[in-house]
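*Asks:* Chains as they are written, first to last, in this note's numbering: chain S, 1 to 78; chain H, 1 to 155.
Hints should not be assumed to be uniformly reliable.
[Unchecked claim] Taking lysine-lysine and the DSSO-like style, the derived pairs with C-alpha atoms no more than 27 Å apart in a straight line are:
{"#": "1", "chain 1": "H", "residue 1": "LYS77", "chain 2": "S", "residue 2": "LYS64"}
{"#": "2", "chain 1": "H", "residue 1": "LYS25", "chain 2": "H", "residue 2": "LYS60"}
{"#": "3", "chain 1": "S", "residue 1": "LYS28", "chain 2": "S", "residue 2": "LYS14"}
{"#": "4", "chain 1": "H", "residue 1": "LYS25", "chain 2": "H", "residue 2": "LYS107"}
{"#": "5", "chain 1": "S", "residue 1": "LYS64", "chain 2": "H", "residue 2": "LYS60"}
{"#": "6", "chain 1": "H", "residue 1": "LYS46", "chain 2": "H", "residue 2": "LYS105"}
{"#": "7", "chain 1": "H", "residue 1": "LYS81", "chain 2": "H", "residue 2": "LYS25"}
{"#": "8", "chain 1": "H", "residue 1": "LYS97", "chain 2": "S", "residue 2": "LYS28"}
{"#": "9", "chain 1": "H", "residue 1": "LYS105", "chain 2": "S", "residue 2": "LYS64"}
{"#": "10", "chain 1": "S", "residue 1": "LYS64", "chain 2": "S", "residue 2": "LYS41"}
{"#": "11", "chain 1": "S", "residue 1": "LYS64", "chain 2": "S", "residue 2": "LYS28"}
{"#": "12", "chain 1": "S", "residue 1": "LYS14", "chain 2": "S", "residue 2": "LYS41"}
{"#": "13", "chain 1": "S", "residue 1": "LYS64", "chain 2": "H", "residue 2": "LYS81"}
{"#": "14", "chain 1": "H", "residue 1": "LYS77", "chain 2": "H", "residue 2": "LYS25"}
{"#": "15", "chain 1": "S", "residue 1": "LYS28", "chain 2": "H", "residue 2": "LYS25"}
{"#": "16", "chain 1": "S", "residue 1": "LYS64", "chain 2": "S", "residue 2": "LYS42"}
{"#": "17", "chain 1": "H", "residue 1": "LYS97", "chain 2": "H", "residue 2": "LYS77"}
{"#": "18", "chain 1": "S", "residue 1": "LYS41", "chain 2": "H", "residue 2": "LYS60"}
{"#": "19", "chain 1": "H", "residue 1": "LYS97", "chain 2": "H", "residue 2": "LYS107"}
{"#": "20", "chain 1": "H", "residue 1": "LYS107", "chain 2": "H", "residue 2": "LYS77"}
{"#": "21", "chain 1": "S", "residue 1": "LYS64", "chain 2": "H", "residue 2": "LYS97"}
{"#": "22", "chain 1": "S", "residue 1": "LYS28", "chain 2": "H", "residue 2": "LYS46"}
{"#": "23", "chain 1": "S", "residue 1": "LYS28", "chain 2": "H", "residue 2": "LYS29"}
{"#": "24", "chain 1": "H", "residue 1": "LYS105", "chain 2": "S", "residue 2": "LYS28"}
{"#": "25", "chain 1": "H", "residue 1": "LYS60", "chain 2": "S", "residue 2": "LYS42"}
{"#": "26", "chain 1": "S", "residue 1": "LYS64", "chain 2": "H", "residue 2": "LYS46"}
{"#": "27", "chain 1": "H", "residue 1": "LYS60", "chain 2": "H", "residue 2": "LYS46"}
{"#": "28", "chain 1": "H", "residue 1": "LYS46", "chain 2": "H", "residue 2": "LYS107"}
{"#": "29", "chain 1": "H", "residue 1": "LYS46", "chain 2": "H", "residue 2": "LYS25"}
{"#": "30", "chain 1": "H", "residue 1": "LYS46", "chain 2": "H", "residue 2": "LYS77"}
{"#": "31", "chain 1": "H", "residue 1": "LYS97", "chain 2": "H", "residue 2": "LYS29"}
{"#": "32", "chain 1": "H", "residue 1": "LYS60", "chain 2": "S", "residue 2": "LYS28"}
{"#": "33", "chain 1": "H", "residue 1": "LYS81", "chain 2": "H", "residue 2": "LYS60"}
{"#": "34", "chain 1": "H", "residue 1": "LYS77", "chain 2": "H", "residue 2": "LYS105"}
{"#": "35", "chain 1": "H", "residue 1": "LYS97", "chain 2": "H", "residue 2": "LYS81"}
{"#": "36", "chain 1": "H", "residue 1": "LYS81", "chain 2": "S", "residue 2": "LYS28"}
{"#": "37", "chain 1": "H", "residue 1": "LYS97", "chain 2": "H", "residue 2": "LYS25"}
{"#": "38", "chain 1": "H", "residue 1": "LYS81", "chain 2": "H", "residue 2": "LYS29"}
{"#": "39", "chain 1": "S", "residue 1": "LYS28", "chain 2": "H", "residue 2": "LYS107"}
{"#": "40", "chain 1": "H", "residue 1": "LYS77", "chain 2": "S", "residue 2": "LYS28"}
Keep in mind the hints are simulated off the structure, nothing from the lab.
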Amino acid sequence: MDSRRDRRYFSKKKVCRFCTEPIEMDYKNVDLLSRFITDRKKIVPRRNSGLCAYHQRQLATTIKRSRFMALLPYTVLH
Amino acid sequence: MAVTPNYYETLYVTRPDLSDEDLAKIQQKLLDSISSNQGEVIRDDKWAERDLAYEIQDHKRGIYYILVFHAMPEASKQVEKHLQFYNTDILRFMTLKITEEAANKNKATQEETTPKTEPAAAPPNPEPTPTVSATEPAAETAEEATGAPEEGGAQ
Chain S
1 MDSRRDRRYF
11 SKKKVCRFCT
21 EPIEMDYKNV
31 DLLSRFITDR
41 KKIVPRRNSG
51 LCAYHQRQLA
61 TTIKRSRFMA
71 LLPYTVLH
Chain H
1 MAVTPNYYET
11 LYVTRPDLSD
21 EDLAKIQQKL
31 LDSISSNQGE
41 VIRDDKWAER
51 DLAYEIQDHK
61 RGIYYILVFH
71 AMPEASKQVE
81 KHLQFYNTDI
91 LRFMTLKITE
101 EAANKNKATQ
111 EETTPKTEPA
121 AAPPNPEPTP
131 TVSATEPAAE
141 TAEEATGAPE
151 EGGAQ
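Isolated chain H, as found in the complex (with noise of 0.2 Å):
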């Protein structure tokens, strides 16, 4: 049976004072191995940075970054392996294989984010813009209301 290409999602996290040098270095060699698989990058941003859930090599807090790609599986092998190399500076990795579907999803939400730095960029904007305060204040506190069972009816 054919090796057919996959979509691929990795999540990494860095160690806080990782520099940014290395870290580029780092992001660099994943690209060349999705690249010289003939792969595709569909997503390469940085997730969040927050605290972890426990201390993992004494660090209390972590950068995620998410790479989603589509590339065969030789491809995600490589990666693994290099982020398994500078294991010092990557405290965790782990690469899911997804649908189809959930890449696409990804490349939405980038290009959705992407624009919304542009018009910053661009100064000439005379118009005011029309601040909508559409604050709505949250509805929701009716519905926990209603969860409390009765118990003890005949005793």
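This is chain S alone, in the form it adopts within the complex (with noise of 0.2 Å):
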């Protein structure tokens, strides 16, 4: 039972971006940023992001400075 349920939910690992890429986490950066949130302007749960919880964190602080400073939109209502 539980090896046919592994393989219809098999999914690739994911590894977390910030972790494996020299690339940092920067509220003035919106093309980075942007990648991480939903059509409506969600932060990305960190099931759809793949981040590991440290950078999960990061990413969510990030944003939330971006948006205070008009870089990124809190919803599409605007």
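Now that you have both chains on their own, put them together as the hints suggest.
*Replies:* Here it is, written out as structure tokens:
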């Protein structure tokens, strides 16, 4: 049973991009951050972004800074 | 514990229709408050002019300026106080404490950009500059195709 379930939900193991690539999280880097927000401008959850806990926390802070500076929107309703 | 100087980065957004004199006046106040606290300005630049993600005080566009400095905490407080005082001209501002490496990177980028303007000012350059057309077609499109997950095996 278990093995079949495993097979059905198999997906490639994601590795945190910020751990593997030499990219820095910066609230001014809008192009990078906009890849981590959904169509409705919400922050992408960890299960979709594939980031590690540390970098997901950093990402959330960085996106919020970016939003405050009007570089990224809070919602689509503006 | 003794208070030590830190590296700070301030990003502020001005109204797009702010006159040069008013801007210069504000910027001079910022620089003064840094220098009066034995601070050192590492970068003082216009960062970008862009559309705001949402309207602020009915403005749809803003001009972003960046200020990186090394000073005592008192200086950053004064900088923020000045920016707050001009809150009709300054739409948003944010000061962050940054690491020394991040601050020095700013210094490096500014040095990179300044020589670019100097050769343009120097006229005697008879050598025809060979235009290297290194336009490589983006080989990233293949990457995106391999993302489709397989779902619904046996139902």
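*Asks:* Evaluate each hint against the coordinates.
*Replies:* Structure-based check of all given hints:
1. H:LYS77 to S:LYS64: 22 Å, holds
2. H:LYS25 to H:LYS60: With Cα atoms ~24 Å apart, H:LYS25 and H:LYS60 stay inside 27 Å; holds.
3. S:LYS28 to S:LYS14: 26 Å, holds
4. H:LYS25 to H:LYS107: Satisfied, since the Cα-Cα distance of roughly 24 Å is no more than 27 Å.
5. S:LYS64 to H:LYS60: 20 Å, holds
6. H:LYS46 to H:LYS105: 17 Å, holds
7. H:LYS81 to H:LYS25: Judged against 27 Å, a Cα distance of about 15 Å means the pair holds.
8. H:LYS97 to S:LYS28: 15 Å, holds
9. H:LYS105 to S:LYS64: 23 Å, holds
10. S:LYS64 to S:LYS41: 11 Å, holds
11. S:LYS64 to S:LYS28: 11 Å, holds
12. S:LYS14 to S:LYS41: Roughly 23 Å between the alpha carbons, so the hint for S:LYS14 and S:LYS41 holds.
13. S:LYS64 to H:LYS81: 22 Å, holds
14. H:LYS77 to H:LYS25: 18 Å, holds
15. S:LYS28 to H:LYS25: 25 Å, holds
16. S:LYS64 to S:LYS42: 10 Å, holds
17. H:LYS97 to H:LYS77: 12 Å, holds
18. S:LYS41 to H:LYS60: At roughly 18 Å apart (the allowed maximum being 27 Å), H:LYS60 and S:LYS41 satisfy the hint.
19. H:LYS97 to H:LYS107: Holds, at roughly 16 Å.
20. H:LYS107 to H:LYS77: With Cα atoms ~23 Å apart, H:LYS107 and H:LYS77 stay inside 27 Å; holds.
21. S:LYS64 to H:LYS97: 16 Å, holds
22. S:LYS28 to H:LYS46: Holds: S:LYS28 and H:LYS46 sit about 13 Å apart, inside 27 Å.
23. S:LYS28 to H:LYS29: 24 Å, holds
24. H:LYS105 to S:LYS28: 15 Å, holds
25. H:LYS60 to S:LYS42: 22 Å, holds
26. S:LYS64 to H:LYS46: 22 Å, holds
27. H:LYS60 to H:LYS46: 18 Å, holds
28. H:LYS46 to H:LYS107: Within the cut-off at roughly 14 Å; holds.
29. H:LYS46 to H:LYS25: Measuring from Cα to Cα gives roughly 15 Å; hence the hint holds.
30. H:LYS46 to H:LYS77: 21 Å, holds
31. H:LYS97 to H:LYS29: This hinted pair holds, its Cα atoms lying about 20 Å apart.
32. H:LYS60 to S:LYS28: 18 Å, holds
33. H:LYS81 to H:LYS60: Measuring from Cα to Cα gives roughly 25 Å; hence the hint holds.
34. H:LYS77 to H:LYS105: 24 Å, holds
35. H:LYS97 to H:LYS81: Holds, at roughly 16 Å.
36. H:LYS81 to S:LYS28: Roughly 23 Å separates the two Cα atoms, so the pair holds.
37. H:LYS97 to H:LYS25: 25 Å, holds
38. H:LYS81 to H:LYS29: 10 Å, holds
39. S:LYS28 to H:LYS107: 17 Å, holds
40. H:LYS77 to S:LYS28: Holds: H:LYS77 and S:LYS28 sit about 22 Å apart, inside 27 Å.
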